[in-house]
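A.B. asks: The residues making up each chain are set out below.
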Amino acid sequence: MNVKGILKGSLCVMMAGAMLCGCQSSGSSEADYPSKSINVIVPFAPGGGSDVLTRSMMEYLELPNDQNFVVINVDGAAGYTGCQQAFNSANDGYTLLAHNPMDVVSYTLGGTTDVELYKELELICGIADDFNFLVTNKQSGWTSLEDVIEYVKAHPGEVKVGNTGSMNCNMADCLRVLDAMGIKDDVTVVPYDSGSDNKVAAMGNHVQLSVNTGADIQASVESGDLVPLLVISDRRSKSLPDVPCTKEVGYDVVTTKPRGMYAPKGTSPEKIQVISDAIAQVCSNEEFQQKVLSLGLEVNFVPGSELQTKIDGWVKDIAPMFDEMKQEA
Amino acid sequence: MEAIIVGFSEIFSDPMCLVLLAGGIFLGIVFGCIPGLTATLGVTLMIPFTYSMTPVQGLTLLIAIYVGGISGGLITATLINIPGTPSSIFTCYDGYPMAHNGKPGQALSIGVFASLIGGTVSAMALFFIAPPLSKISLIFGNWEYFSVALLGLAVVITMASDDLVKGLIGALLGIVCGSIGIDAVSGAQRLTFGSWQLMSGLQSTALMMGLFAICEILVQSHTLGKEKKDIHLGKMSFLPPIREMKGCSVPILLGCLYGTGIGILPGIGQNAATLITYNQAKKLSKHPERFGHGSPEGICASETSNNAVNGGALIPLVTLGIPGDLTTAALIGGLMIHGLQPGPLLFKTNIDVVGAIMVAYFLSNIVMYVMELGLIRIFVKAVNIKFSYLFPVILMFCLLGTFALNNRTFDLWVLIISGVAAYILTQFKVDMAPVILGYILGPLVEKYFRMAMTAENGNFGAVLQRPIALVCLGVAVLFLLAPIFSASFRKGRNRLNMA
Numbered sequence: 001m002n003v004k005g006i007l008k009g010s011l012c013v014m015m016a017g018a019m020l021c022g023c024q025s026s027g028s029s030e031a032d033y034p035s036k037s038i039n040v041i042v043p044f045a046p047g048g049g050s051d052v053l054t055r056s057m058m059e060y061l062e063l064p065n066d067q068n069f070v071v072i073n074v075d076g077a078a079g080y081t082g083c084q085q086a087f088n089s090a091n092d093g094y095t096l097l098a099h100n101p102m103d104v105v106s107y108t109l110g111g112t113t114d115v116e117l118y119k120e121l122e123l124i125c126g127i128a129d130d131f132n133f134l135v136t137n138k139q140s141g142w143t144s145l146e147d148v149i150e151y152v153k154a155h156p157g158e159v160k161v162g163n164t165g166s167m168n169c170n171m172a173d174c175l176r177v178l179d180a181m182g183i184k185d186d187v188t189v190v191p192y193d194s195g196s197d198n199k200v201a202a203m204g205n206h207v208q209l210s211v212n213t214g215a216d217i218q219a220s221v222e223s224g225d226l227v228p229l230l231v232i233s234d235r236r237s238k239s240l241p242d243v244p245c246t247k248e249v250g251y252d253v254v255t256t257k258p259r260g261m262y263a264p265k266g267t268s269p270e271k272i273q274v275i276s277d278a279i280a281q282v283c284s285n286e287e288f289q290q291k292v293l294s295l296g297l298e299v300n301f302v303p304g305s306e307l308q309t310k311i312d313g314w315v316k317d318i319a320p321m322f323d324e325m326k327q328e329a
Numbered sequence: 001m002e003a004i005i006v007g008f009s010e011i012f013s014d015p016m017c018l019v020l021l022a023g024g025i026f027l028g029i030v031f032g033c034i035p036g037l038t039a040t041l042g043v044t045l046m047i048p049f050t051y052s053m054t055p056v057q058g059l060t061l062l063i064a065i066y067v068g069g070i071s072g073g074l075i076t077a078t079l080i081n082i083p084g085t086p087s088s089i090f091t092c093y094d095g096y097p098m099a100h101n102g103k104p105g106q107a108l109s110i111g112v113f114a115s116l117i118g119g120t121v122s123a124m125a126l127f128f129i130a131p132p133l134s135k136i137s138l139i140f141g142n143w144e145y146f147s148v149a150l151l152g153l154a155v156v157i158t159m160a161s162d163d164l165v166k167g168l169i170g171a172l173l174g175i176v177c178g179s180i181g182i183d184a185v186s187g188a189q190r191l192t193f194g195s196w197q198l199m200s201g202l203q204s205t206a207l208m209m210g211l212f213a214i215c216e217i218l219v220q221s222h223t224l225g226k227e228k229k230d231i232h233l234g235k236m237s238f239l240p241p242i243r244e245m246k247g248c249s250v251p252i253l254l255g256c257l258y259g260t261g262i263g264i265l266p267g268i269g270q271n272a273a274t275l276i277t278y279n280q281a282k283k284l285s286k287h288p289e290r291f292g293h294g295s296p297e298g299i300c301a302s303e304t305s306n307n308a309v310n311g312g313a314l315i316p317l318v319t320l321g322i323p324g325d326l327t328t329a330a331l332i333g334g335l336m337i338h339g340l341q342p343g344p345l346l347f348k349t350n351i352d353v354v355g356a357i358m359v360a361y362f363l364s365n366i367v368m369y370v371m372e373l374g375l376i377r378i379f380v381k382a383v384n385i386k387f388s389y390l391f392p393v394i395l396m397f398c399l400l401g402t403f404a405l406n407n408r409t410f411d412l413w414v415l416i417i418s419g420v421a422a423y424i425l426t427q428f429k430v431d432m433a434p435v436i437l438g439y440i441l442g443p444l445v446e447k448y449f450r451m452a453m454t455a456e457n458g459n460f461g462a463v464l465q466r467p468i469a470l471v472c473l474g475v476a477v478l479f480l481l482a483p484i485f486s487a488s489f490r491k492g493r494n495r496l497n498m499a
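Line order of the protein sequences matches chains A and B.
Be aware that the first sequence starts at 1, since it is given in this note's numbering, and climbs by one per residue.
Be aware that the second sequence starts at 1, since it is given in this note's numbering, and climbs by one per residue.
Misleading hints may appear alongside valid ones.
[As the list claims (entries may be wrong)] Going by beta-carbon spacing under 7 Å, a handful of chain A positions derived as facing chain B: (1) G47; (2) A77; (3) T81; (4) T188.
[Claimed, not checked] For the chain B half of the interface with chain A, some residues (derived, Cβ under 10 Å), not all of them: (5) Q197; (6) M199; (7) L326.
Simulated from the structure, these hints should not be mistaken for laboratory data.
The C-beta atom is built at its ideal place from N, Cα and C for all residues, glycine as well.
Okay, chain B solo, but in the shape it has when bound:
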């Protein structure tokens, strides 16, 4: 509690902080909404500049970019079906169809509103229950991570339910892509074909932007020559259209819960959070058939969870000095360069910095909401530029952003080849969502399973002593078996009816 008060006074006493907060959010939204320039890139590019600021100023700026960037991704996802940042991949599935059906204003304001809710709820968790919540990241060992990742994989069966075979083909391709590189447990090289460039595996941003941005540009280029309908924003108000949002409370709740929870766990990551929430929301929805065709519930699930992850990831950072995801790992560098040791003692030794992190995060969400609603009009105008001009620019940013993230030309090839491969696959009606799923969750399942087995000398029975893992595994089995049982149940009843 004391930290929050100190944090507010720290930030409001320094006008520079407020300027950096607003500037950071703006920069974040711009980075977030331009495909190829991701939130992570925004943070990593700005880190060197923060080294010359005070710790509070530097961290405020980085957190603002982080929040703006993750949320900004929904704009291009909704308007042109290209995710601005990998965590908004699932927003494409519902945001774009909704915008396409003449409701771009509503789709965007639902997305931005969901971002606000997700961010604010996780900020509250950060404010009031960070210390007890951070214990979760210590309780989770290899077995728990393994079972949670497996649960994620099982839930996603729903994703492939339209066409099971093609869904599984996609998921397997994803798993293969994810297994390239040096194996972390044994040090063996897998699918590298002797190339040192492949040792580190396929860079995840390059692959995901390839699968979704490059592929979508190729798909949409079919209609380049045709007359394009301008997008008209329609009415926009400060609050989202409540009437449209019937049934959205469940996905929002799920998003807050899963987002914050997965954020706290250092070993899972932002993209997995949206993936799991989206599919879980689909499963629990009264109208699962609308998912993928412009369901406001889908937008809510995806956008609440990706923003809730931010706050969740900050919890172990401020309490234990453990980064919750890649971007918070970069924040730790921002602390260390000022001689601050991120760790359990930070609360005692530098309460001003801890408080500032929390408050900056909270304020960022609110400023993000207001600013993004204001900016949407401008973005809609930008999107109405002819695609034959717009696409080359996006393509250039994709290449630029991918290179800037890790300074390797090889990643550009990953981007291009995965884009072309994805285009070919989509022509055979293979959906890219299962590919991403396999790519993200497959390696997690494998890594944690093997580490757990190494730790127990190959004794799988050890899992019996881990209640959390057991529950997750049980639920996973239920999800896997449910379709079989419900199908045979239905068949049985049909037979009864016939008789």
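Bound-form chain A, shown alone:
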């Protein structure tokens, strides 16, 4: 009996000791960040565009101490749920968020949250650019912007335009482009849940025009089911170089859709630099660039502060459109 008691006691001491050792070894200093793997919240389901981009990046990523990212998928409310979860996370550098800055902007401007999340999260860097395209389907027979404008002017109220989501930057850009074309009041905009639904609606001729991302439309453009007319950007896209951009046709709507990496506010600048450098290195890898191109995106590494300035400028352009949308809703 007594022996058993001693055994029990010593076991307890040993286990307590083991736990204490564990605490010590995981206590990290700034210098050897990261000392464990870093959780990256992807605010969409596994298999989606953001998920695939982040996981492709992990293949080439070289962090100090042989560490890597671990993807944590938190889907819901068009990416807001994961975004808010990242915002609430500890700023110790071990939770990051892979998200699209213009979506983050949408949560605040669209009224989902009062917090200005796009300012309250630290933008580490931009990784790749996605673009919104104005596309039509093969049934319409249109091949240029002129065709569209001519038809819509002749048949006001007939044409429908698909969009991905409502009360977001896609919708704002869609409306701004239609406005610039002079046909905003002659068409009906239909908000679809996802880029995929939006694409299907265009292919099935439920909408004749559609504003959708390059990643979503690429395969259907190649097969001839969808015809791209315009890319919303200040430059042409690498994946569809024959499509004119808004800047060259003189429309003042040039918001692209960067894919970025965020950290909770207050994460130390040294840690952010470590991540930013590692991602910059991945982005300079040609194999990675090719892979991203096949996803319908193009690699464009932009340091956090530079991208933040750009986004703050876009927010000013786009905010009035949200007020207009809210009034109509």
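Following the hints, position chain B against chain A.
C.D. replies: Okay, now just chain B, sitting in the frame of chain A:
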């Protein structure tokens, strides 16, 4: 046709593929039969591992898990009345009573057989008529989706027919649960009470596992202390008991048709397919009164349709690059990570991959049938463990699986609270099936109706130009009015008899 031949040679030339196929099915069945670990979770957990495989290997593995998982759900549904995966909820209604009446072997083999039929028929559709069938997913617009969902709601009146008031209470509760979150059309917040956690609505797996698994554990815990009868499997053969399956051809046919059809439509989903098939089968059956009390027809309806959905969902995936449901959406990620663009051109550029997807799906169904029949004996032994040991384990898996699916602690609260709420409701004899119905179909009806109205600037008359939608709406009205007319007809005849 060429794709199929290429697919067979792709899969059989790589022994690794066959290993992954068998392993995937086993894993799928295990995931499927453990409540809380769902087929979708199995697929999403394995996706990262497939990134380092060849596309054919990766997709074979994912499809095998998908097929095994959806079918495996029937095991626990039949043996302990807890659906292993949400799509087998309706198998509980007949599988469990049948097993309880001393025929667990028959109930299981009917279920597994129905899964095989559903899977194989949809595989044939995938093999031979995928391109024309995929056009359906393009023809369907908002009006069509709206009317199909409404038709589903109308059919389900039969479900609530035992006690109409309590059925409607349940359905309304379901609709309320389904409307929580950010409204997709206007961006307005509904029933969120200012909580950001509620913005995305109630996670569907968490809610459904709460309503059925947690609730059932609470109900069965009433009898925990009492002596438990061991389940004896009885005779099991390779083929199901044909004699038991009289009248099952109609539900099987319905299951194949609805399952494949709803699978093709990206906007409806697996759970709606079983729901609609089960109720339709009940309506058309010669013995509707047996549904819910161990009718083999009910098992067939539920299990054929949930497996047929898999094949249906693969049709738009391989032909158009459109995911038919959540799990196939994950498969698209599996294609993209290898630099393959899922879309209409995939047939031309990567016929090997397309063929492999089709063949892997076909083979998975057959391997699933054989493996599941073999495994059933082991599962029956596992179920004979004392419930006081078994339930805590199931509870743990429910929590684990729910968390793993979307990495949120909040979902665990959804699971627990919905479980307790369901337990209270069942004590008042409110059935959970109408709740699920309202939760799944209510938001669909609303969303598509509002999108259709937005697209037509509020003009409901536009529906007149959509023949499919009109037919569905007409049938829905018939279903709704039928009980009233048949009741007054009967009354009229009674009066005649009296005179």
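A.B. asks: Now, for every hint given, state plainly whether the structure supports it.
C.D. replies: Here's how the hints hold up against the structure:
no., hint, result
1, G47, "2 Å, holds"
2, A77, "4 Å, holds"
3, T81, "5 Å, holds"
4, T188, "6 Å, holds"
5, Q197, "8 Å, holds"
6, M199, "4 Å, holds"
7, L326, "7 Å, holds"
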